[in-house]
Every structure is written in structure tokens, then in C-alpha cells.
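Visitor: Order-wise, the sequence lines are chains A and B. Under the numbering used here, the first residue of the first sequence is numbered 1, with each subsequent residue one higher. Under the numbering used here, the first residue of the second sequence is numbered 1, with each subsequent residue one higher.
There could be a bad hint or two in this list.
To be verified - Label pairs and their computed distance ranges (CB to CB):
#1 A:425 x B:122: 21 to 27 Å
#2 A:213 x B:93: 49 to 55 Å
#3 B:74 x A:8: 45 to 51 Å
#4 A:105 x B:85: 49 to 55 Å
#5 B:74 x A:153: 17 to 23 Å
#6 B:122 x A:115: 16 to 22 Å
#7 A:129 x B:24: 31 to 37 Å
#8 B:58 x A:428: 49 to 55 Å
#9 A:210 x B:70: 53 to 59 Å
#10 B:62 x A:315: 51 to 57 Å
#11 A:208 x B:66: 58 to 64 Å
#12 A:177 x B:93: 21 to 27 Å
#13 A:208 x B:89: 46 to 52 Å
Claimed, not checked - Facing chain A, from chain B, some residues (calculated, C-beta under 7 Å):
#14 66
#15 91
#16 135
Just so you know, these hints were derived from the structure itself, not from any lab. Where is the CB? At the ideal position from N, CA and C, for every residue including glycine.
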Amino acid sequence: MKLRRVHDWLWEIPREGGMKVPGRVYSDGMPAPDDPALVQVSNVAFLPGIVKYSLAMPDIHWGYGFPIGGVAAVDAEDGAVSPGGVGYDINCGVRVLSTRLLAAEIRPRVHDVTAQLYRDIPTGVGSSHAIPRLTDAEMDSVLAKGARWAVGRGYAAGSDDLDRCEEGGGLAGADPSAVSERARKRGADQLGTLGSGNHFLEVDSVAEVYDEAVAGAYGLLPGRVAVQIHSGSRGLGYQVCDESLAELTPSMARYGPDYAAIPDPQLACAPVSSPSGRRYLGAMQAAANFAWANRQVMTGLAVRALCHALRISERDLGARLVYDVCHNVAKLEDHLVDGRPRRLLVHRKGATRAFGPGDPRVPAAYRDVGQPVLIPGDMGRYSYVLAGTARAMEETFGSSCHGAGRLMSRHQALKLARGRSIARELADRGIEVISRGKKTLGEEMSEAYKDVARVVGVMASAGISTLVARLEPMGVIKG
Amino acid sequence: MPRGPDGDDEGVRYALPQPYREVPHTADVGVEVEGASPEEALARLVLAFAALLAGGGAVEVEREETVSVDADGDPARAAVTVLRELLFRFATERLIPGACEVRRLDGRGAELSVGFGRWDPVRHAEGTDVKAVTWHATRFERAGAGWRARVLLDI
Chain A
1 MKLRRVHDWL
11 WEIPREGGMK
21 VPGRVYSDGM
31 PAPDDPALVQ
41 VSNVAFLPGI
51 VKYSLAMPDI
61 HWGYGFPIGG
71 VAAVDAEDGA
81 VSPGGVGYDI
91 NCGVRVLSTR
101 LLAAEIRPRV
111 HDVTAQLYRD
121 IPTGVGSSHA
131 IPRLTDAEMD
141 SVLAKGARWA
151 VGRGYAAGSD
161 DLDRCEEGGG
171 LAGADPSAVS
181 ERARKRGADQ
191 LGTLGSGNHF
201 LEVDSVAEVY
211 DEAVAGAYGL
221 LPGRVAVQIH
231 SGSRGLGYQV
241 CDESLAELTP
251 SMARYGPDYA
261 AIPDPQLACA
271 PVSSPSGRRY
281 LGAMQAAANF
291 AWANRQVMTG
301 LAVRALCHAL
311 RISERDLGAR
321 LVYDVCHNVA
331 KLEDHLVDGR
341 PRRLLVHRKG
351 ATRAFGPGDP
361 RVPAAYRDVG
371 QPVLIPGDMG
381 RYSYVLAGTA
391 RAMEETFGSS
401 CHGAGRLMSR
411 HQALKLARGR
421 SIARELADRG
431 IEVISRGKKT
441 LGEEMSEAYK
451 DVARVVGVMA
461 SAGISTLVAR
471 LEPMGVIKG
Chain B
1 MPRGPDGDDE
11 GVRYALPQPY
21 REVPHTADVG
31 VEVEGASPEE
41 ALARLVLAFA
51 ALLAGGGAVE
61 VEREETVSVD
71 ADGDPARAAV
81 TVLRELLFRF
91 ATERLIPGAC
101 EVRRLDGRGA
111 ELSVGFGRWD
121 PVRHAEGTDV
131 KAVTWHATRF
141 ERAGAGWRAR
151 VLLDI
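With the rest of the complex left out, here is chain B (with noise of 0.2 Å):
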């Protein structure tokens, strides 16, 4: 877990934008993205979907939440269930996550604090529809010294 700058216990924040990699489909689309922790990994996947969704406009934070999900030991599983649960949030609040701090990420699974804001048709015209998160070719692994993650979604 990367540390606060006091070196207390507390994340790093991430917001909008965040580095991400398109990966080809024929369908639909996949993010890829890399961290120097498993944790910097996860919170750029989430600003990834969160980029996809917003379709490149800006993201005003509205409110903090925290999400939290089990995941038996697997990062991958852990980390298409985070996506899981803010799509639907997505789908049914219109909620687009513009910051996110990873707090935990471990063999029970993750624990995010999540800063929403709401999809706005105009701003987020050329957002992309996202209805899905996808166990195929998921991906959450070292890559050199850090950590590179890859999801593909249904859209």
C-alpha cells in the first residue's frame, strides 16, 4: 500500500485523467493499464472505465463513497468486481467516478473510497455506453517491477 505523504497509512488519491491503453476487440473495447503498486493499478482501471464512460469530459466529484467488495485471493476478481458494482451504479444513478483511493487490496478482496460525479448528456455526449464487465481475457499481474491490469467491456 503506498503511503500518505506523513507516512501515515492513507492511499494515494488518483483523479481523472489517468494514463490507460485501448486494447483492440472487434465488438467492444478494452482498457489496459499500469501502476507501480498493485493498488496505483486498480485505481487507474477504475479511472480507465470511469474515462470510457465520461468520453473524455470533465468529471466534478459530488460526493465520496466508500465501495467494497470479496474476492477469495484473486486481484483479477477483485478488480472486475470493483467495475461490477460502478457500473451499476452508472446504470442506474448516473454516477461517473472522477477520484478514487484504493484503501485495501488483499486476499479478501478491496475496499475504494470513490469520488462520484453525474453523467451529464451534454458534457459526456461522446461517452461510450458501457453495460458490461467482462471475465474474458481479464488480466491483474506483475509486469517488470510493477503491475500492469487489463479488463474488456461489453458495450
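Next comes chain A alone, as it looks inside the complex (with noise of 0.2 Å):
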């Protein structure tokens, strides 16, 4: 793969063949040209209607026709939607609770904690029914709301949680009727539930402030305990993803030579105008919406848990949510680009929105500041607050990295973890972790992932984002 260097953080993939525009990678120092993640941003470059560049954040690894870590905005009327843009788990994302706690205080009962969260928050395979089966009526309603349709059932950390939720935690375009009897099936009992792989819930602590304003800002004081809890969601997202795919991967080409072209049938696509294309985009909004309506599900359970194990009132623990954002998304969005307005449909998939100050659809409270960030690390060293910037907005389409990205194939890291006790280690160091498998555990430890402080840091050089705090964990819960 040819790279040539626009700066110190930025190398771009000139445009050649079928690429509509050349790909912009951000990272310290030349990515490895035989990285397979490269040729998936040089495919995505091939999207119809992709506008300016096919973006890779720092954390870019390798994924199914997109990479991990790819930014594609789309023109809206003209450009293809491409469900694998967003990829299967639809709206994952991150989401950060402040509290009242110190952290010195609470470190001596984290095991409680731990095992309560564990207890009351459905973890692992199949995880179900941190809350009855939802009926065919409380589906559409969870489709159609997101998360409002939790807060309206006392699922909350303070008052103005959907404030506080990128978009108000609900993409008004949601279609319910678009998501099939089978998606329903498989989500039907999961909301509230964490899931496995990658999906955990922390009990952390603001161990840095690197920007006391905008921290202070956000609610994050040093020393003081945070909540993180990354989840989408679940069966009902990938049942979504999956059909979409399985509809558009034969019949593409008869969109016209363009989306013949495209090189790899993950990455088929529709007009964004068309039947298909609009009917993905409805059952991919209501999707989301449930992933929302989970993490608030979860809010709301966790909420309770850590007062429960710690014999406190929700006064006193004082827990208020600093932000959600998404991970996986396709969202329609007005930009500048090229100085003129237009609206995109800008395509993260394994990146975060990112908007800078000033902009309106950054929350009032926020908005002098800029829209918080919300980067997870791996559960043995620590994750990131940072805060979007105006930059970001004429670069990245306002979007930034997701978080550390993988380093080693989860094979490789089982391979690596033979013989040890991840749980132990990680005891050592004082973080207490549960987990429903220990596989889990050694595909998931800090080795396999790059460091975390890397990435973001790239994101603060290259201008696209600010760090603002270091969390670092306590107590973890995994599947």
C-alpha cells in the first residue's frame, strides 16, 4: 500500500483504480504498509457519493469491510448507505457517570461493589432478563425512544440523563416496523444486559485532570469515582446488520457499475434513496435506539447496585451522567466542506463523534467546551476523557478515535495469557475483576490491546481532540 505524509499525525492513501477519494490514516509514524486495515479504508474509498477522504483513526485495526476505526461521510441524497459502515453491534457505545464518592473511600469495599454490579447486571453469553421480556409494545416503544423510553421507567442517574446522550439518546428516523420478528426475538429479552467480548462495566477513578476547566465542566474531579459502561445493542443489532447484509450482498450491482465495483461484499450498499437503503436506515435507527435504551437500562441498575452494596441513598451517591456516545452509527449530519454547508451521512465504525465548541448540537451545558469524548482503554491500565474541537469539525467530519484498538488476534492473546491468572494480576495491581469466563479474561488483557494513551495522544497532536481526564479502573464486570 502506497502512504505519503501530509504531517507528523496524518498519512494519506492516494487515490487510484476505483477509489472515488484518496484515504487519510492518523497515526505516530508510518502505518505498516502491509496492514490488511488499509486496504479496507482504500475500499471504503470506492462508496459511492463518499465525500473527501476515507478516514482511519489511530486505533484502526482490521475489521469486515470497513476497518475498525473508519470514518466515510456520504452525501445524503446521492451516496450509499452501506450496513457494514456501521457494522453489526449498531449503536455500541460508552457511556461515563460522575459521582459523589472518593475513590480512597470506597477502594477498601471495591469487591462488594464489584460482586453486586456483577449480580444485578446480566453478563456473557446470551446474557437476558436484567428486566422482564419486553412485549411486541414495549419493543416498538423501546425502537421508537431509546433511551427516553427507560427514563420514563426510572432507569436514570439524575434528571437530565437524555440531555446528556448524544442525539437525546433517540435518532428520531427510527422505523420499528423495519426491524424484522427475528431481530425482536433475539433482543426481545436482553435490554439491560452487558454481553461478552469487548462489553464491560467499570468502577473507575478520575486518577488525572488534564484540563481542570473543561473537566470541571464535564463533573469529573480528581479522586472522586466514575462509572463506564460500553455496550450496545446486543442480538437485536446484529440480527438488524445481518439481514440487511444477507438483502444487499447479491443485488447491489443492479445499482449500476459503481456498486459493482465495490471490492469486498462486506462492504454492499444501497442509495441511501432507495427502498433498501431507506428501509436499512429505519431498522438501523430503531436499533440504536435499543442500544441506547440498554446502557440506560444498565445506568439504572448500576445505580442501584452501587447504593445497595454500599448502604447509601441515591443522594448521597450523587451520580450524574457526564455522556453517551456511539461507536457504530450512520448518522445524518449537516457539514462545512469546502466552506458550503451540505448534508452527509457520515458512516462511524469504530470512532466517535466529536464535536467541537460552539456547535448547537453539543448539549448547553457543554457547549462552550466542546462535546465530551469518551475513549475506553483496556481493564488493566486506564481510559480517557477528551473534549472535540473545531478542528476535528474541517478534518474528521467532527469524529475522533473509539479506543485502544486490538494489538493481538484473540488467539494470540489466549496463547499468551496459558498458565496465568489475568484475575490474579490484575488483583495485584488493585482492580478487582469479575468475569463470566476466564477465556474471556485472556482474550481481553492489557497486552492485546495497544496502549490506550497512544491513540488519544495522536488525537491531541493532530489537533482533533483534547485530553480532559484519565480514568483508571477499580472494579471491572465482564462477560
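Using the supplied hints, reconstruct the complex from the two chains, each of which is provided in its own coordinate frame.
Guide: Listed below in C-alpha cells is the structure:
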């Protein structure tokens, strides 16, 4: 793969063949030219209607079709929507809650807290029944309303949770009728559950603040306890993506030569304005709403678990949602392109919206400082809270990285973990981890991931996001 | 189609475990199998998928069911479509294939007889939570005198 240096933190894949735009990769140093993820950046540049660049964030790694860490904005009228550009776990995302608790006071009781969270929030393969199975009518309401449905049933940290979610915790274009019976069946008993793989719930300490003013605006004070929740739309979102890909993979050539030239079936796409494109968008937006409701229910369950384990009131806990961001989504957004306003469909696959100061789409409480950008790391090191910038609006359609990015395959990680107790190693470093399976801990150990500090460092050096605070885990539950 | 021992039209029934290779992928997992015939390759692909779900634990077959898919003449599409169907059964009913016979694999799709067992949280604790069957880098092709099939699975 040919690469051209744009500046210290940005590399360009020149446009060639069927690419409609160049690729651009944020990285500290030249990316490995044989990295299969770079081929995927180049493949995404084939998408009809793609605008400016096929972008990759510094946590880029090999996905299917799209790389994980990829961003592609297409014209909202003439462009293509790609289910693979959103991914299977539609609106997989992360939220952070702040609390009044002091980390030093909680540390001796972290086992009780972590165990209570593990009891109350189902994790692991096919985890289910955190709350009673949804009826058909309830499912329709969840798919239409997103987090608002859960808040209405008392699952909340504070009174302003919805104001502190990207898009208010719900996408208005959702079409519950486009979500199949099969997708509904997969999701009906999974609301309020964490799932498996890299999903987690963490009790963190605010270990370091880099920008006091912004951290203060976000409610993140040094030495306090924060809670992080990383999960998505569970089986429902997977089924929506699966069915859309199965429909589009054999049929996309009928939309013309640009579609027939798409080099990977996992990049299957349809014109945004076509019946198939519109149906997918309606179903995808409904699945995104399911994911927001899922994280919102877990928020309520986590608040209750913390109060129960620590025998304190919700008032004493003082939990408040800092923000909730999507990692896997395609959204209609207005951006300036070469100085002109354009309506775009921005695919973020393993990337985070990172709108800068002054943007009216940023909640009023954060509008002066930019949107919180929540970047989980691995369970043994740290996570970061960043802020969006004006430069992100200019260069990346207001997007930033989404996490550490895997360094090793799961297979390699398990080989490295053989004969070790990852839970014991973490406990020795003061991190209590409870997981459904021992295998998960091996697959998800720190060494399997890039150092997220390097990833966010690239975004900060490139001016795409600024560092606000670092969170360090004290207690972790995983699937 | 392989013939039964009496030379009739019955296929060959395969049971766990069957040989397969894991294909390296950074975030997820791929499986690759070989077979003397396309039917054997598909049966082994089904059981490689089952082996990942079961994590090496035994699967006691409780019931036999026919699984049919349509797939427009492309065996790779037929293979992905079969696995998508089996994944749906796992996700919603916790059923894992323990045995498989490919009765038909042709230009119209595939028909299999699948012996299902039930997922057990203890026996299959080391199993992989497969969440989707992808189309990326799927292969179903001749390899020497036999056939090779490969899929990447989202986990």
C-alpha cells in the first residue's frame, strides 16, 4: 500500500483504481504498509457519493469491509448507505457517570461493589432477563424512543440524562416496523444486559485531570469515582445488520457500475434514497435506539447496585451522566465541506463523534468547551475523556478515535495468557475483575490492546481532540 | 454427493469433532476446513462453527431437524446462509449442532439434516460467543483434489 506523509500525525493513501477519494490515516509514524486494515481504508473509498476522504483513526484495525476505526461521509441524497459501515453491533457505545464518592473511601469496598454489579447486570453469552422480557408493544416503544423509554421507567442517574446523550439518546428517523420478528426475538429479553467480548462495566477513579476547566464542566473531579458502561444493541442490532447484508450483498450491482465495483461483499450498500437504503436506515436507527435504552437501563441498575452495596442513598451517591456516545452508527449530519454546508450521512465504524465548542448539537452545558469524547482503554490500564475541537469539524467530520484498538488476535492473546491468572494479576494491582468466563479475561488482557494513551496522544497532537481526564479502573465486570 | 455404504442416495453423517483450522483475525475469528467433496466441506464448516460455540465441550444430540436455505448457485453464499440460520437457532434457543449430514448442495442452495444438542453453561463455558457470520473473505472453492471452505465470524 502506497502512503504519503501529510504531516507528523496524518498519512494519505493516494486515490487510484476505483477509489473515489484518497484515504487518510491518523497515526504516530508511518502505518505498516502491509496492514490489511489499510486495504479496507482504500476499499471504503469506493463507496458511491463518498466525500473528501476515507478516514481512519489511530485505533484502526482489521474489520470486515470497513476497518474498525473508519469514518466515511457520503452525500445524503446521492451517496450510498453501507450496513457494514455501521457494523453488527449497531450503536455500540460508551457512557460515563460521575459520582460524589471518593475513590480512596470506596477502594476497600470495591469487591462488594463489583460483586453487586455482577449480580444485578447480566453478562456473558446470551445474557438476558435483567428486566422482564419486553412485550411487542414495549419493544415498539423502545425502538421508537431509545433512552427516553428507560428513563420513563425510572432507570436513570439524574434528571438530565437525556440531555447528556448524543442525539438525546434517540434517533428520530427510527422505523420499528423495519425491524424483523427475528431481530425482535433476539433482543426481547436482552435489554439491560452487558453481553460479552470487549463490553464491560467499570468502577473507575478520576486519576488525573489535564484540563481543570473542561473537566469541571463535565463534572469530573480528581479523586472521585466514575462509572463506565460499554455495550450496544445486543442480538437485535446484530440481526438487523445481518439481514441487511444478506439482502444487499447479491443485489447491489443492480444500482449501477459504481455499486458493482465495490471490492468486498461486506461493504454491500444501496443508495440512501432507495427503498432498501431507507429500510436499512429506519431499522438501523431503531436498533440504535435499542442500544441507548440498553445502556440507560444498565445505568439505573448500576446506580441501585452501588447504593445497595455501599448502603447509601442515591442522593449520597450523586450519580450524574457525563455523556453517552455511539461508536458504530451512520447519522445524517450537516457539515461544512470546502466552505459549503452539506447534508451528509456520516458512517462511524469504531469512531466517536467529537463536535467542537459552539456547535448547537453539543448539549448546552458543554457548548462552550466541546463535546465529551469518551475513549475506553483496556481493563488493566486506563481510559480517557477528551473534548471535541473545531479542527475535528474541519478534518474528520467531527470524529475521533473510539478506544485502544486490538494489537493481538484473540487466539494470540489466549496463548500468551496460558498458565497465568489474569484476574490475580489485576487484583495484585488493585483491580477487582469479575468475569463470566476465564477465557474472556485472557482474550481481553491489557497486552492484547494498543496503549490507549498513544492513541489519544495522536488525536491530541493532530488537534482532533484535547485531553481532559484519565480514568483508572478499580472494579470491572465482563462477560 | 457422497453415497451411503449401500450405494443409495443417503449422504454421510459427520459428528463432532471434525478437523478445522482457525484463521487469524485481529478482532474476531475465522475457521477454515477441507473436504473431499463440497458436501463434506460444508458439513465440516458447520461442525467447526459448532466447535467454537461448544468450546471443546461435548454436544449430546437431542433432536434432528432439516435446515434448508436458498442461495442462487453460489456455494459460499449457501455456506454463509446455513451458518446464519444456525447462529439464529443458537442465539434464540441455545441449540448447537452436534452432527450434520448435507443432503443437497447445488445451484439452488442447500439442505442439511442437523442433529442439535443444547448449550450447557458449564460444559460449554469455554465456548465462543459468536455473534455474526460475515461475508468478508468467505471462500468455498476447489483446493487440489478436494474443497476448501472458510468464513470469518464476529465475536
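Visitor: Give a verdict on every hint.
Guide: Status of each hint after checking the structure:
| no. | hint | in the structure |
| --- | --- | --- |
| 1 | A:425 x B:122: 21 to 27 Å | holds, 25 Å |
| 2 | A:213 x B:93: 49 to 55 Å | holds, 54 Å |
| 3 | B:74 x A:8: 45 to 51 Å | holds, 46 Å |
| 4 | A:105 x B:85: 49 to 55 Å | holds, 52 Å |
| 5 | B:74 x A:153: 17 to 23 Å | violated, 46 Å |
| 6 | B:122 x A:115: 16 to 22 Å | holds, 20 Å |
| 7 | A:129 x B:24: 31 to 37 Å | holds, 36 Å |
| 8 | B:58 x A:428: 49 to 55 Å | violated, 36 Å |
| 9 | A:210 x B:70: 53 to 59 Å | holds, 56 Å |
| 10 | B:62 x A:315: 51 to 57 Å | holds, 52 Å |
| 11 | A:208 x B:66: 58 to 64 Å | holds, 60 Å |
| 12 | A:177 x B:93: 21 to 27 Å | holds, 25 Å |
| 13 | A:208 x B:89: 46 to 52 Å | holds, 48 Å |
| 14 | 66 | violated, 19 Å |
| 15 | 91 | holds, 5 Å |
| 16 | 135 | holds, 4 Å |
Hint violations for this structure: numbers 5, 8 and 14, all remaining hints satisfied.
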